[in-house]
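Those sequence lines, one after another, are chains A and B. Under this note's numbering, the first residue of the first sequence carries the number 1, and numbering increases by one thereafter. Under this note's numbering, the first residue of the second sequence carries the number 1, and numbering increases by one thereafter.
It is worth saying that the hints were derived from the structure and are not from the lab. Since the model is a prediction, treat every value here as computed from it, not as a measurement. Positions of the beta carbon are idealized from the N, C-alpha and C atoms, including for glycine. Where hints are given, some of them may not hold.
Claimed, not checked - Below, computed lysine-lysine pairings styled on DSBU-like, alpha-carbon distance capped at 35 Å:
(1) A/K120 with B/K120
(2) A/K142 with B/K125
(3) B/K99 with B/K45
What the hints assert, rightly or not - Stretch-level coverage of chain A by chain B, calculated; a stretch enters the list once three of its residues show a Cβ under 8 Å from a Cβ in chain B:
(4) 49-61
(5) 104-112
The residues making up each chain are set out below.
There are 2 protein chains.
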Amino acid sequence: MNDYEIEFKNYLKERGLKFTPERALILKAVFSLHKHFDIDQLWEKLHKKDNRLSRATIYRTLPLLLDCNLIQETLRCQGRVRYEHIFGHQHHDHMVCLKCGKVTEFREEKIEKLQEEVCKRYNFKSVEHRLGIRGYCQKCQKKLR
Amino acid sequence: MNDYEIEFKNYLKERGLKFTPERALILKAVFSLHKHFDIDQLWEKLHKKDNRLSRATIYRTLPLLLDCNLIQETLRCQGRVRYEHIFGHQHHDHMVCLKCGKVTEFREEKIEKLQEEVCKRYNFKSVEHRLGIRGYCQKCQKKLR
DNA sequence: TCGTAATTGAGATACAGTCTCAATTATACC
DNA sequence: GGTATAATTGAGACTGTATCTCAATTACGA
Ligand SMILES: [Mn+2]
Ligand SMILES: [Mn+2]
Ligand SMILES: [Zn+2]
Ligand SMILES: [Zn+2]
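Produce the complete structure using the sequences and hints provided.
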């Protein structure tokens, strides 16, 4: 059994919730998608395997996965919420190309540290943060010229 | 005439668009709100002065104000897009309290610099960035204890 | 195996945001 | 000032994402 499955089962058990086949399928799909995804992309992937699984169940399951830190919201794109699995991955931030939509992940230790300093300065207890840089990727800059 | 009004008029003129009384009202309201606001708060404020002004006109005007950098989107709150006027103000980032919703603005020069470095490293041409830290403000931390 | 509370799918509903269209109006030009 | 014309407006219809309802089903502890 995968680590993320153990994690999710514990989370559910502690709260008296059930580990259903539907939730198992969704969990598996979430960790087999290795890019950022939105609900429709997830539904399409799941629909192929079990065409009874309803959108409502996906909408009901994602908040659970968020709450136990298996996934997180990333930048919104055209009004849609996008997600990525984070369990087993290091925290990182994002750059998004305004032309082609390409997402680049980066981690800058110094920025992480400075954020902690800022929080200390304001007596703010940080839970999470999100840094998104919008602009143009290398390829799209060339095309614009 | 205010600087922001000159700015907006120039923007409109360059594009063959009109400076209408409705747009003037919206612009004025946007710069008289000194906190982050959403469309409904803006509509309420405007409705008092001119109850004919329609929501559609507000929805049509805000993208113009965004495009000429008079305002910017800030963090979303409960599914609603929130805005703040930025013309004449220095760029800053935000901390949001998950309990009381309090927004604290901060500017950390070193973080701004480091972001530029990261962009250079990836040959990414930055247009704008948004850093949001979610957590608990000083008051709400005390209440939780 | 049983009892029960959680969960499900399907469709209804909510609601922010966009679009349509006929009537109105700002502005460039004379 | 007057006129032509393309932009703009309000009202309400419409879209699409996300949530809710409810009867039927099911996971799981005892
Ligand atoms: Mn990522
Ligand atoms: Mn601000
Ligand atoms: Zn690109
Ligand atoms: Zn607070």
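Evaluated hints:
1. A/K120 with B/K120: holds (29 Å)
2. A/K142 with B/K125: With Cα atoms ~11 Å apart, A/K142 and B/K125 stay inside 35 Å; holds.
3. B/K99 with B/K45: Holds - the C-alpha atoms of B/K45 and B/K99 are around 26 Å apart, at most 35 Å.
4. 49-61: violated (count 0)
5. 104-112: As far as the region 104-112 of chain A goes, the hint holds, because 5 residues have Cβ atoms under 8 Å from chain B.
Figure legend: structure checked against the earlier numbered hints; the only hint not met is number 4.
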